[in-house]
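Peer 1: On the provided structure of chain D, position chain L as indicated by the hints.
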Amino acid sequence: RKEVEQDPGPFNVPEGATVAFNCTYSNSASQSFFWYRQDCRKEPKLLMSVYSSGNEDGRFTAQLNRASQYISLLIRDSKLSDSATYLCVVNTNRDDKIIFGKGTRLHILP
Amino acid sequence: EPEVTQTPSHQVTQMGQEVILRCVPISNHLYFYWYRQILGQKVEFLVSFYNNEISEKSEIFDDQFSVERPDGSNFTLKIRSTKLEDSAMYFCASYMLDAGAFFGQGTRLTVV
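Chains as they are written, first to last, in my numbering: chain D, 1 to 110; chain L, 111 to 222.
Only chain D is shown next, with the shape it has when bound in the complex (with noise of 0.2 Å):
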């Protein structure tokens, strides 16, 4: 199993819809999860980080489930400004080494 896995979509979807992509790790150690968002030929920025408890961020949840060793991002009101490269990051040791899925490709149509 890798240590990261996504769905690499592309999902497309319509402006004003919800989306929602999973992401499964292998390390049931890991201890720290990421949400990223790459546009073409840009460095991956931070999107948010993903607590035990969930978060939400405006228009964006994150949420973890450790039983089952996936994490999950929630976009609602999908807008055209949303259509990017999402990327599952998770820290398997304390610090030693972050780990990217290969990124889930999202599409918003008009």
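FYI, nobody ran anything at the bench for these hints, they're computed from the structure. On a predicted model such as this, the values are computed, not experimentally measured, just so you know. Glycine included, every Cβ here is placed at the ideal spot set by N, Cα and C. Careful: at least some of the hints might be erroneous.
Some but not every residue of chain D turned toward chain L, in silico, with C-beta under 8 Å [stated by the list, open to error]:
1) SER30
2) CYS40
3) GLU43
4) LEU46
5) LEU87
6) ILE98
7) ILE99
8) LYS102
9) GLY103
Below 16 Å or equal to it, Euclidean Cα-Cα: the simulated EDC-like pairs (lysine to aspartate or glutamate) are [as the list claims (entries may be wrong)]:
10) L:LYS152 to D:GLU3
11) D:LYS79 to D:ASP39
12) L:LYS152 to L:ASP196
13) D:LYS42 to L:GLU154
Derived Cβ-Cβ restraints for the label pairs, each shown as a range [unchecked claim]:
14) D:PRO10 to L:PRO180: 39 to 45 Å
15) L:LEU194 to D:GLU15: 40 to 46 Å
16) D:ASN55 to L:THR123: 41 to 47 Å
Peer 2: Leaving out everything else, chain L in the frame of chain D:
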């Protein structure tokens, strides 16, 4: 807002030449990383650096690669003898526990 800066933004080099990619991480961060991304592929971990030494490296990070933090601010990645397959975007990142990693804008390395 503090940021990670990388130079140069684009480097073209001939196969077999040495290149040094430079990064200035966020000043109060303790962990530093190099990643690379070949066009159209995933972001790949190269090396992590903590307390002035390598803490982990991937199988990609072979003897042709080295990292240094010579003056307490700059963090460099050296590739001794570049190969065509080293062509990629190289990202530097610095990390503070639980706050996520922050990336520089990357250096596009083209080996010809």
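Peer 1: Work down the list of hints and note, for each, if the structure agrees.
Peer 2: Right, here's what the structure says about each hint:
Proximity of D:SER30 to chain L is violated relative to the hint, the smallest CB-CB distance being about 13 Å (cut-off 8 Å). A least Cβ separation of about 10 Å between D:CYS40 and chain L goes past the 8 Å threshold, and the interface hint is therefore violated. Checking D:GLU43 against chain L: minimum C-beta separation of about 4 Å stays under 8 Å; hint holds. Hint status for D:LEU46: holds, given a least beta-carbon distance of 4 Å to chain L, under 8 Å.
With a cut of 8 Å, the hint placing D:LEU87 at the interface with chain L holds, because the nearest CB-to-CB distance is about 7 Å. Hint on D:ILE98 holds. Least Cβ distance to chain L is approximately 6 Å, under the 8 Å limit. Interface hint status for D:ILE99: upheld, as the beta-carbon distance to the closest one in chain L is roughly 6 Å, under 8 Å. The closest approach between the C-beta of D:LYS102 and any C-beta of chain L is roughly 4 Å, which is under the 8 Å cut-off, so the hint is satisfied.
Look at D:GLY103: its Cβ gets to within about 7 Å of chain L, closer than 8 Å, so that hint holds up. Distance hint between L:LYS152 and D:GLU3 is fulfilled; the C-alpha atoms sit about 13 Å from each other, no more than 16 Å. Between the alpha carbons of D:LYS79 and D:ASP39 the distance comes to roughly 15 Å, so the proposed pair stays at or under 16 Å and holds. About 15 Å separates the Cα atoms of L:LYS152 and L:ASP196, which keeps this hinted pair within 16 Å; it holds.
Of the supplied pair hints, the one linking D:LYS42 and L:GLU154 holds, its CA atoms being roughly 15 Å apart against a limit of 16 Å. Taking the beta carbon of each, D:PRO10 and L:PRO180 are about 43 Å apart, inside 39 to 45 Å as hinted. Between L:LEU194 and D:GLU15 the beta carbon distance is about 42 Å. The supplied range of 40 to 46 Å therefore holds. A beta carbon spacing of about 43 Å between D:ASN55 and L:THR123 agrees with the range 41 to 47 Å that was offered as a hint.
Of the numbered hints stated above, those contradicted by the structure are hints 1 and 2, listed in ascending order.
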